[in-house]
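**Q** So you can see what is in the structure, the chains are spelled out below.
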Amino acid sequence: MPIKYTLCHASTLSTRTIARRTPSTSRAMLSSLAHGAHRAYRAHAPPSRRENARARARTVALELNSGRLRRRHLPGRRRETSVCARAGRESDDGSERNEQTQNEGDDRAHAVDWREFRARMVAQYSENAALGASIDAASRDGSPPTWAHGLENLEKGALLVAVEEDASSFWSHVVIFMLGEWFGRRALEKKEGGRKPTEATTRISSTDFCARLCRCRSHTVRIDWDNFESHAIVDARQALPGG
Amino acid sequence: MNRTQSWTLAKHCPEVKHDNLYWSLLSEEIVGVGGPVGLDHSLDRSVIALTTKEQPGMTEEVIPGIYRVINLDQLAKLNAKLSGPDTLRPEDLSLFVGYSGWSPGQLQSEIDAGFWTLASASGTYVRDCMFKHVMDTIVEPTTGKRVPIDAHGFQAWASMRESLGM
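For the protein sequence lines, the chains are A and B, in the order given.
When we follow my numbering, the leftmost residue of the first sequence carries the number 2, and every step to the right adds one.
When we follow my numbering, the leftmost residue of the second sequence carries the number 1441, and every step to the right adds one.
Hint data in this document are derived by calculation from the structure and do not stem from the laboratory.
Possibly wrong hints are sitting among the right ones.
BS3-like, lysine-lysine: derived pairs with alpha carbons at most 30 Å apart [claimed, not checked]: (1) Lys1457(B) - Lys1517(B); (2) Lys1493(B) - Lys157(A); (3) Lys1521(B) - Lys1457(B); (4) Lys1517(B) - Lys157(A).
Here are some chain A residues pointing at chain B (derived, C-beta under 10 Å) [to be verified]: (5) Asn154; (6) Leu160; (7) Val162; (8) Phe178.
Here a beta-carbon is modelled for each residue, glycine too, at the ideal position from N, C-alpha and C.
Whole structure, please, built from the sequences with the hints as guidance.
**A** And the structure:
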């Protein structure tokens, strides 16, 4: 089967997707429309772009022959301008899926840890010399980075560092690693009798959490969900250590 | 939390089952204190296991490099029969009994009032600061028992404050 190399655009790819789900009569029509659009694009494209397209196609052909062909894309611009190679007019669904899975694996492998990226930004724009030095050292040596910087907002994985230095207090010299909001919820669900999460518990809000916390603590009061706010919050603060 | 006691899991949680080899090994591990909630009473006891190794399907990532065991009981049942490079061994886990919890808005108000400083740290930093310093033990010569090197977590706290320029 002859191998055809084309520069595919978003419109073409989406047309092909639609074509797979439509009857064969419509498929032929859509296919001809797509190829017509390609011809029109190539005819009206400026000469420099046509040259670039030819050069790109040649590169793809060489890469395909050497067995190094991969679909190339930029994150977030996946369907905009990607170069793909197709065997014949209809691409093989299985091979395309395999190729896509491989690409997703590559993306994950090369994914930049956004927290590290943020740390680099903080190091660049703050006066924390130690932070910059530790990040630079890690980049140089290839060792795992050991950095820490201040945060503005709470997030999963954040650290709470106690300011208090009064040794008599339980909370002095404390560093707490924030696992997330969910853990307390799960523990409460378990305590309530192993009840499976219902619609009400899965779509839990902060006020729901507070009300359920009170219910767990008291075991007697059924909170009126519409009018619990002020009482519930006060009760929860009294119930929780550190409150 | 950067606190520990010289207690093993078995002493903290007498209700821990010993019908499983994995649990038996775990029960001899020194455990940290996660906070005052779910600490004392056996009915609502909370045991959290953190690790720096990933076991697919049994752990979830908190931050890159730090994982939480989703279900410790399930992990113990599975890993009692398994062995391999991806299998978490009892010594790979850092156990914490109890947890710290706040009502909605309470923590934010405490932060606003200046009781806490918020920080973000790399997985390696958290491992060294929170697990290694806190969970490391030495054998006390007089009693022959394992005791934590820095039970109060002062080293972790001081190191964190220094890194934050405080």
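**Q** Could you tell me which of the hints above the structure violates, numbers in ascending order?
**A** none
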